[in-house]
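All chains should be modelled from the sequences, with the hints used to inform the complete structure.
Number of protein chains: 2
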Amino acid sequence: MISEAVIKRLPRYYRHIKQLADSGVTRVSSNKIASVLNITASQVRQDLCNFGGFGQQGYGYDVVKLKNELAVILGLDKEYDMIIVGAGNIGRALAGYRGFRDDGFFVKALFDIDPRCSSINGIKVYEMDFLEAYLNQNNVDIAIIATQKDSAKSVADSLINYGVKSIWNFAPVELEVPEGVTVENISMSESLYVLSFRSKNKQ
Amino acid sequence: MISEAVIKRLPRYYRHIKQLADSGVTRVSSNKIASVLNITASQVRQDLCNFGGFGQQGYGYDVVKLKNELAVILGLDKEYDMIIVGAGNIGRALAGYRGFRDDGFFVKALFDIDPRCSSINGIKVYEMDFLEAYLNQNNVDIAIIATQKDSAKSVADSLINYGVKSIWNFAPVELEVPEGVTVENISMSESLYVLSFRSKNKQ
Numbered sequence: 184m185i186s187e188a189v190i191k192r193l194p195r196y197y198r199h200i201k202q203l204a205d206s207g208v209t210r211v212s213s214n215k216i217a218s219v220l221n222i223t224a225s226q227v228r229q230d231l232c233n234f235g236g237f238g239q240q241g242y243g244y245d246v247v248k249l250k251n252e253l254a255v256i257l258g259l260d261k262e263y264d265m266i267i268v269g270a271g272n273i274g275r276a277l278a279g280y281r282g283f284r285d286d287g288f289f290v291k292a293l294f295d296i297d298p299r300c301s302s303i304n305g306i307k308v309y310e311m312d313f314l315e316a317y318l319n320q321n322n323v324d325i326a327i328i329a330t331q332k333d334s335a336k337s338v339a340d341s342l343i344n345y346g347v348k349s350i351w352n353f354a355p356v357e358l359e360v361p362e363g364v365t366v367e368n369i370s371m372s373e374s375l376y377v378l379s380f381r382s383k384n385k386q
Numbered sequence: 184m185i186s187e188a189v190i191k192r193l194p195r196y197y198r199h200i201k202q203l204a205d206s207g208v209t210r211v212s213s214n215k216i217a218s219v220l221n222i223t224a225s226q227v228r229q230d231l232c233n234f235g236g237f238g239q240q241g242y243g244y245d246v247v248k249l250k251n252e253l254a255v256i257l258g259l260d261k262e263y264d265m266i267i268v269g270a271g272n273i274g275r276a277l278a279g280y281r282g283f284r285d286d287g288f289f290v291k292a293l294f295d296i297d298p299r300c301s302s303i304n305g306i307k308v309y310e311m312d313f314l315e316a317y318l319n320q321n322n323v324d325i326a327i328i329a330t331q332k333d334s335a336k337s338v339a340d341s342l343i344n345y346g347v348k349s350i351w352n353f354a355p356v357e358l359e360v361p362e363g364v365t366v367e368n369i370s371m372s373e374s375l376y377v378l379s380f381r382s383k384n385k386q
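From first to last, the protein sequence lines stand for chains A and B. Residue 184 is where the first sequence starts when you use our numbering, and the numbers rise one by one after that. Residue 184 is where the second sequence starts when you use our numbering, and the numbers rise one by one after that.
In case anyone wonders, no lab produced these hints; they're calculated from the structure. Some hints could be false.
If chains are identical, the list can't say which one is meant, so a pair holds when it fits in one copy or spans any two.
DSSO-like mimics (lysine-lysine), calculated; alpha carbons at most 30 Å apart, straight line [to be verified]:
#, residue 1, residue 2
1, 348, 191
2, 201, 215
3, 383, 191
4, 215, 336
5, 215, 307
6, 307, 248
7, 336, 248
8, 385, 215
9, 191, 385
10, 215, 348
11, 291, 215
12, 307, 191
13, 248, 215
14, 248, 201
15, 201, 261
16, 191, 336
17, 385, 291
18, 348, 385
19, 191, 201
20, 332, 215
21, 336, 385
22, 261, 248
23, 332, 383
24, 332, 291
25, 201, 385
Owing to the predicted nature of the structure, the values given are computational and were not obtained by experimental measurement.
Here it is, written out as structure tokens:
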């Protein structure tokens, strides 16, 4: 059983190691990783040990090998089909974000109760009524909820009813989901509150 | 010294308690809070004790009082002037996001190396060259970096040079900042990796 804290650090390791690999670095020490990610070197060694990433004394980690190991652990060795529900500011921004594709995440369709454009960045926007039919006919690994707060819960219920197993929630509300369904919340407000908290407590 | 884990939970408490207050709920037990936030009731009691939020046995917490206490702790009892650097998809989405205003965060200006619109949602978009002059003439509590990865570091350096003390970073890169400057990273990719990790390890 991997702790929540480790799970949250994993993506940061991956992103950093990937950046190193992309810039041609072949090996890196736990000290170097630790200083960039602002954690201790012993924490780095312990975390990576959990996942079979073994550094060698005096050599450090093989960057490419570590990157590939982390990618497998994070499930980034496959491709994901995604849909976005809600074509407002957030939904549109997500549809236009190129970073996802580099990691194998592909936005295939958007849904909105009032689709004012037929496509955004080349991705089709459908009426909400078409959601069930779409999910019956297409593979969807991840559904993104980018609706207003008030409709997020009913959208999540529909998605789960129609068989969606992974939800990425951008609406500012805690979603309760049944066993077997994974939800990851990304709350901008929460991040902003952390910033205001830190700013206040520094002064 | 409050632990990172507690700091990260604080905004979730605040958001939940605020929702309760908005819907007219006057008191709530630690068990109720715990079940919604998916943590233990003893954790809730311990966390809130740190901040002077004292529940009464058999009564629970006074929702409005707790909300106000949390708001003060999080620095949400004042208003913040913000600017956004980068008027791409993310910058535009943030400029249009209404949730910030409800919490006292106001986007006053956008900056871009190539401003294709003179304003977005009624907020002026300036050339990057005007950043220094703007920061000299206006109060800016928080600068949001919504640029591409490659320019995020130099933008952060400029902001810090011109006196910005709090940075909210949406670019997918770790920023190193000097003592006295607060940075909060919101990484969509990291959140997505956590989701793919959880999905993979559930199957």
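Results for each hint:
Proximity of residue 348 and residue 191 under a CA criterion of 30 Å is satisfied in both settings, with 20 Å inside one chain copy and 26 Å between copies. Taking the shortest Cα distances, residue 201 and residue 215 sit within 30 Å of each other inside one copy (14 Å), while across copies they are farther apart (41 Å). Both within a single protomer and between protomers do residue 383 and residue 191 lie at most 30 Å apart by alpha-carbon distance, with minima of 25 Å and 15 Å respectively. Taking the shortest Cα distances, residue 215 and residue 336 sit within 30 Å of each other only across copies (19 Å), while inside one copy they are farther apart (43 Å).
Proximity of residue 215 and residue 307 under a CA criterion of 30 Å is satisfied in neither setting, with 44 Å inside one chain copy and 41 Å between copies. Within a single copy, residue 307 and residue 248 get their C-alpha atoms no closer than 38 Å, and across copies no closer than 47 Å, so neither meets the 30 Å cut-off. For the identical chains of this complex, residue 336 and residue 248 are inter-copy neighbours only, at 27 Å across copies versus 41 Å inside a copy, given an alpha-carbon limit of 30 Å. In this assembly of identical chains, the alpha carbons of residue 385 and residue 215 lie at most 30 Å apart only when taken from the same copy (27 Å versus 33 Å across copies).
Taking identical chains as interchangeable, the C-alpha atoms of residue 191 and residue 385 lie at most 30 Å apart whether they share a chain (25 Å) or sit on different chains (16 Å). Proximity of residue 215 and residue 348 under a CA criterion of 30 Å is satisfied inter-copy only: 26 Å between copies versus 38 Å inside one chain copy. Within a single copy, residue 291 and residue 215 get their C-alpha atoms no closer than 39 Å, and across copies no closer than 38 Å, so neither meets the 30 Å cut-off. For the identical chains of this complex, residue 307 and residue 191 are neighbours neither inside a copy (33 Å) nor across copies (36 Å), given an alpha-carbon limit of 30 Å.
In this homomeric assembly, residue 248 and residue 215 come within 30 Å of each other (Cα to Cα) only inside a single copy, at 17 Å, whereas the closest approach across copies is 45 Å. For the homomeric pair residue 248 and residue 201, the shortest alpha-carbon distance inside one copy (11 Å) is at most 30 Å, but the shortest distance between copies (46 Å) is not. Only within a single protomer do residue 201 and residue 261 lie at most 30 Å apart by alpha-carbon distance; the minimum there is 16 Å, versus 40 Å between protomers. Taking the shortest Cα distances, residue 191 and residue 336 sit within 30 Å of each other both inside one copy (25 Å) and across copies (23 Å).
In the homo-oligomer, the alpha carbons of residue 385 and residue 291 lie at most 30 Å apart only across protomers (24 Å), although the nearest pairing inside one protomer, at 44 Å, exceeds that limit. For the homomeric pair residue 348 and residue 385, the shortest alpha-carbon distance between copies (10 Å) is at most 30 Å, but the shortest distance inside one copy (41 Å) is not. Within a single copy, residue 191 and residue 201 get their C-alpha atoms as close as 17 Å, and across copies as close as 26 Å, so both meet the 30 Å cut-off. In this assembly of identical chains, the alpha carbons of residue 332 and residue 215 lie at most 30 Å apart only when taken from different copies (21 Å versus 41 Å within one copy).
Proximity of residue 336 and residue 385 under a CA criterion of 30 Å is satisfied inter-copy only: 22 Å between copies versus 37 Å inside one chain copy. Proximity of residue 261 and residue 248 under a CA criterion of 30 Å is satisfied intra-copy only: 17 Å inside one chain copy versus 48 Å between copies. Taking the shortest Cα distances, residue 332 and residue 383 sit within 30 Å of each other both inside one copy (28 Å) and across copies (28 Å). Taking the shortest Cα distances, residue 332 and residue 291 sit within 30 Å of each other both inside one copy (23 Å) and across copies (24 Å).
When the C-alpha separation of residue 201 and residue 385 is checked against a cutoff of 30 Å, the pair qualifies only between copies, where the shortest distance is 25 Å, while the shortest distance within a copy is 32 Å.
In terms of the numbered hints stated before, the structure departs from hints 5, 6, 11 and 12, listed from lowest to highest.
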